[in-house]
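Q: Residues per chain, in single letters:
Protein chains: 2
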Amino acid sequence: MLGARGGWRALRRCASLPRAVRLRVREALGAREAAEAVRVQGWVRSVRSQKEVLFLHINDGSSLESLQVVADPSLEKRDLTFGSAVEVQGKLVKSPHRMQNMELQAETIHVVGPCDIWSFPLKMKERHPLEYVRQFPHLRCRNNTLGALLRIRSEATAGIHSFFQDNGYVHIHTPIITSNDCEGAGELFQIETSREAKESAENTHFFNVPAFLTVSGQLHLEVMAGAFTHVFTFGPTFRAENSQSRRHLAEFYMVEAELSFTENLQDIMQVMEDLFKTVTSTVLSKCPRDVELFHKYIAPAQKRSIAGKSDITHKLAWQEAPKQIPRPLLLFLQWGCDLQTEHEKYLVKHCGEVPVFVVNYPYDLKPFYMRDNEDGPEHTVAAVDLLVPGVGELCGGSLREERLPFLESRLQRLGLTDAYQWYLDLRKFGSVPHGGFGMGFERYLQYILGVDNIKDVIPFPRFSHSCLL
Amino acid sequence: MLGARGGWRALRRCASLPRAVRLRVREALGAREAAEAVRVQGWVRSVRSQKEVLFLHINDGSSLESLQVVADPSLEKRDLTFGSAVEVQGKLVKSPHRMQNMELQAETIHVVGPCDIWSFPLKMKERHPLEYVRQFPHLRCRNNTLGALLRIRSEATAGIHSFFQDNGYVHIHTPIITSNDCEGAGELFQIETSREAKESAENTHFFNVPAFLTVSGQLHLEVMAGAFTHVFTFGPTFRAENSQSRRHLAEFYMVEAELSFTENLQDIMQVMEDLFKTVTSTVLSKCPRDVELFHKYIAPAQKRSIAGKSDITHKLAWQEAPKQIPRPLLLFLQWGCDLQTEHEKYLVKHCGEVPVFVVNYPYDLKPFYMRDNEDGPEHTVAAVDLLVPGVGELCGGSLREERLPFLESRLQRLGLTDAYQWYLDLRKFGSVPHGGFGMGFERYLQYILGVDNIKDVIPFPRFSHSCLL
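Which chain is which? The protein sequence lines are Z and E, in order.
If you count by numbering that gives the first Met the number 0, then the first sequence holds residues 0 to 468, one letter each, in order.
If you count by numbering that gives the first Met the number 0, then the second sequence holds residues 0 to 468, one letter each, in order.
Everything labelled a hint here was simulated from the structure, so no lab data went into it.
Check before you lean on any hint, since a few could be wrong.
[As the list claims (entries may be wrong)] List time: in silico PhoX-like cross-link candidates among lysine-lysine, alpha-carbon distance up to 25 Å: (1) Z:K124 / E:K427; (2) E:K427 / Z:K427; (3) Z:K76 / Z:K90; (4) Z:K76 / E:K427; (5) E:K50 / E:K76.
These numbers were taken from a predicted model, which means no experiment stands behind them.
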């Protein structure tokens with residue numbers, strides 16, 4: 000099982016297994032020690048040459064921990080440096096050190112690809128700030144922090160797919176290119192063929208009509224919820240916002256769900272909460288060491304956030320003692336202006352730095368598809384936002400207006416009746432009460448890990464004035 | 000468990016469970032028959048009114064099968080029609096019919112949303128051709144065939160994520176917007192903000208540089224393979240090809256994987272094959288009835304394809320008797336022109352209408368990043384395509400040129416040295432032999448289901464002159 004190729008990957012994975020299993024693996028390895036000849040491949044994270052012995056740490060990216068290699072000093076070579084790729088043959092043995100399960104006694108060391116350490120921007124054993132490594136989008140994944148981040152992102156992605164599949168949702172690839180503009184927002188990217196862009200020929204669109212990058216899959220999900228009852232999507236969305244803030248990207252990922260036969264905002268909030276808890280507990284169990292790195296070095300003692308020790312307690316509070324914290328705190332908004340970042344901060348602080356649901360927004364602030372609460376003449380709609388400490392809006396959702404006359408009159412006033420004829424159709428043929436929400440995936444990662452800048456939780460950030468690689 | 004809300008969804012899921020489990024559920028239901036009061040929600044698929052009894056079939060999209068409702072004729076209403084949304088309260092009982100496990104004896108029937116059957120383009124019990132329903136992108140998912148297709152697509156999506164996660168790959172969201180042009184192909188979509196598009200202001204790009212929709216995540220995956228060894232991505236890719244063919248879309252999905260420390264094309268082919276087999280067997284076990292629909296009505300007796308009975312045999316042959324079929328048939332291409340559709344067809348036919356790997360393409364035909372085989376002066380590169388009956392190219396992959404001098408001289412000749420400085424960097428800092436491949440997700444679905452037109456295997460097809468919704 001641990002022989003020859005791929006041996007180390009198998010071994011490394013043990014690190015993320017429950018302690019009991021890990022111990023069993025260690026025992027098994029101990030017993031077969033002499034026979035355990037393996038070939039290990041990876042990149043050198045440290046070289047320490049002593050008189051009698053050469054120590055290497057090598058890493059293949061499958062976990063934060065590196066494997067210690069112990070070798071005879073005669074095996075040292077000039078190009079065996081930090082960052083070089085190596086292949087080591089040797090025997091896996093129990094380590095005499097408390098900090099690691101085992102180490103590799105090298106018989107041969109082959110440098111597969113050298114690394115010019117003078118021009119390599121990452122340095123051995125240096126804790127580079129996130130701002131520094133951000134300058135090197137093609138190399139920063141080799142940094143410990145970004146490596147941990149991307150493993151967590153990968154596990155969270157898998158966790159999101161599992162959550163919805165396990166709960167009977169059908170996954171839909173909502174389109175990236177669309178002729179719709181869901182939110183009515185002006186901040187859109189438009190698409191043309193390279194040739195059109197050069198000729199700026201207004202009347203020869205590739206798709207015959209102007210086409211844009213999607214800002215939300217919601218309307219398309221509503222189509223699908225009319226057939227599959229529960230549907231979800233998880234893909235890229237876009238905003239051409241001229242902002243370099245730590246909270247905005249031009250390209251980011253959104254998880255969106257839509258539920259038919261849903262009459263209550265509470266049901267939508269329940270799915271948001273279940274999604275958050277399930278995915279977070281997946282991440283915590285799948286990559287504890289990676290998460291620990293963030294809670295230790297990136298957001299230490301940041302009590303207001305889910306990062307640090309407090310978040311674990313906090314998560315438990317959600318799960319085990321829901322009455323101890325004022326959640327869901329249902330605020331009926333009385334003012335007529337939209338929530339700004341400062342309002343969000345105030346609300347979250349007011350509630351004791353915990354996640355807060357805000358419901359029932361003023362009618363005029365929200366898009367045409369949100370359901371009129373009929374608590375007054377066009378007074379409020381059944382909308383909900385989930386605000387979290389440090390990040391602000393994490394999720395936004397609503398019940399959708401399923402009643403044809405309400406929707407018709409609203410679209411008519413906006414002059415959108417023709418453009419949304421297909422959307423009105425959905426209310427003519429077996430319309431049902433329904434609702435849904437979207438969660439910003441990068442903001443989710445920022446929140447659970449306490450990462451301040453959204454550019455540090457996505458592999459290749461795109462924002463105004465920057466599209467590297 | 001089966002009480003009140005969501006009862007039917009739980010019940011419907013039973014249909015996809017192994018027979019033994021289904022039987023146990025049936026027994027349990029039988030025993031508790033009298034107490035089994037449930038509320039079921041869905042859309043009416045058929046109404047049949049007899050003198051003594053009213054039969055309904057209702058469906059909530061969780062499976063192809065509908066639930067039979069038996070009611071007193073007094074419960075019939077004028078708006079209880081095909082396509083309407085209903086909520087039925089009643090008792091679940093064992094069905095006297097052999098074809099179904101159980102039926103619902105209705106106590107009340109509430110029409111949640113009526114359906115104007117005269118303007119509704121789908122008709123009761125009619126088998127609409129795929130070309131017909133394609134005209135109604137907002138309603139076609141309520142058609143049996145498209146419903147089955149999208150459930151299969153959802154399961155295949157989950158299967159792809161599981162396959163890679165289970166094999167230790169890290170998932171990467173490669174960027175959609177990029178300043179690179181991976182293949183050097185001219186058929187790109189360019190992105191501008193809506194304002195730029197109107198003003199056609201050449202020198203005020205949102206990202207400072209011209210930006211395009213990705214045609215492949217490969218180069219970005221190579222970045223990540225240098226840190227995580229094994230990585231994959233599964234997302235949308237784009238071609239501004241002016242084609243309305245049954246094989247091309249402007250927006251389609253691609254699964255891509257990249258493997259470090261890989262020196263052999265055979266290893267890449269093995270991953271392609273494992274991926275194909277694992278995902279296909281997931282789909283077959285998760286939605287057997289949905290797949291059956293295609294093999295029965297859409298591609299009956301289409302022996303050359305994996306659809307119909309033959310494909311199952313064929314799949315088994317791959318798994319169980321790999322020596323019986325001439326695969327992998329490694330063709331060393333001697334001619335200097337690229338493979339056209341007709342060549343692909345010939346090769347597949349020549350090999351007995353089975354999937355065929357074609358390897359080692361002429362050097363000049365392939366992009367700059369493919370690895371020189373050094374079997375002559377710039378003679379061939381280590382590329383591989385997987386051709387399948389009926390569809391053509393399903394996968395394409397290669398070893399990548401990891402040797403700095405080879406890559407440098409090639410980029411220099413193309414005048415691309417400056418643009419790809421970051422890509423050359425990857426060869427300076429711990430470069431390793433590596434390779435990878437991409438699989439067209441829609442073509443995969445076309446192939447396993449025998450669907451002729453690619454527009455019928457994606458929720459919202461985008462192609463030249465068409466971007467509906």
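Q: Looking back at the hints listed earlier, which ones does the structure fail to meet?
A: As far as the earlier hints go, only 2 is violated by this structure.
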